[in-house]
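**Student:** All you need for this note's numbering is the position in the sequence shown, starting with 1, plus 3.
The hints are simulated quantities; they were obtained by calculation from the structure and are not laboratory data. Note that this is a predicted model, so its numbers are computed, not measured. By construction, the Cβ of each residue, glycine as well, lies at the ideal position given by its N, Cα and C atoms. A few of these clues could be false.
[Unchecked claim] Simulated restraints on C-beta separations:
| hint | residue 1 | residue 2 | range |
| --- | --- | --- | --- |
| 1 | E71 | R43 | 28 to 34 Å |
| 2 | P87 | R43 | 19 to 25 Å |
| 3 | I20 | K91 | 28 to 34 Å |
| 4 | L59 | R86 | 26 to 32 Å |
[Stated by the list, open to error] Think about it this way: if two alpha-carbon atoms lie no more than 20 Å apart in a straight line, the pair counts; the simulated SDA-like pairs of lysine to any residue are:
| hint | residue 1 | residue 2 |
| --- | --- | --- |
| 5 | K70 | K95 |
| 6 | K22 | E66 |
| 7 | K76 | P56 |
| 8 | K8 | K90 |
| 9 | K90 | F53 |
| 10 | K76 | I17 |
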Amino acid sequence: MKKIKEAQKTLREIRPILKKRFNVNKIGVFGSFARGEEKRTSDLDILVEFYAPVGLFSFIELENFLKERLGIKVDLVMKDSLRPQIKKRIIKETIYA
């Protein structure tokens, strides 16, 4: 897969689509890619914030769209759904596009 810089570049390029089609406010990468610890088999952990609540089907559609555009399996997580025990750590390591 791509390194973090490539993923960020792609996310920045598709940002207008993400905003218009999926109501995305902020999007960033966290996890092994953000820490520079990714392996060939790693998926890409993406943290997303929306302007307004989205339904399950829209969320899954966004996850599939990102997988297709980034060329890697994506684990999409909503910031509002993070457990308090891990929220600070994830927000701290997230690299926003």
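**Student:** Could you grab the alpha-carbon distance between K76 and P56 and see if it respects the 20 Å cut-off?
**Tutor:** violated (24 Å)
**Student:** Within 20 Å, alpha carbon to alpha carbon, are K76 and I17?
**Tutor:** Holds - the C-alpha atoms of I17 and K76 are around 17 Å apart, at most 20 Å.
**Student:** Does the hinted range 19 to 25 Å hold for P87 and R43 at CB?
**Tutor:** violated (33 Å)
**Student:** Using the Cβ atoms, figure out if L59 sits within 26 to 32 Å of R86.
**Tutor:** Taking Cβ atoms as reference, L59 and R86 lie about 19 Å apart, which means the hint is violated.
**Student:** Given the hint that K90 pairs with F53, test it: the Cα-Cα distance must not exceed 20 Å.
**Tutor:** holds (17 Å)
**Student:** Given the range 28 to 34 Å, decide if the beta-carbon distance of E71 to R43 lies inside it.
**Tutor:** violated (20 Å)
**Student:** Hey, K70 versus K95, does the alpha-carbon distance stay inside 20 Å?
**Tutor:** violated (24 Å)
**Student:** At the C-beta level, are I20 and K91 separated by a distance inside 28 to 34 Å?
**Tutor:** holds (30 Å)
**Student:** Given the hint that K22 pairs with E66, test it: the Cα-Cα distance must not exceed 20 Å.
**Tutor:** With Cα atoms ~14 Å apart, K22 and E66 stay inside 20 Å; holds.
**Student:** Is the Cα-Cα distance between K8 and K90 20 Å or less?
**Tutor:** violated (23 Å)
Of the numbered hints given earlier, the model fails hints 1, 2, 4, 5, 7, 8; all others are met.
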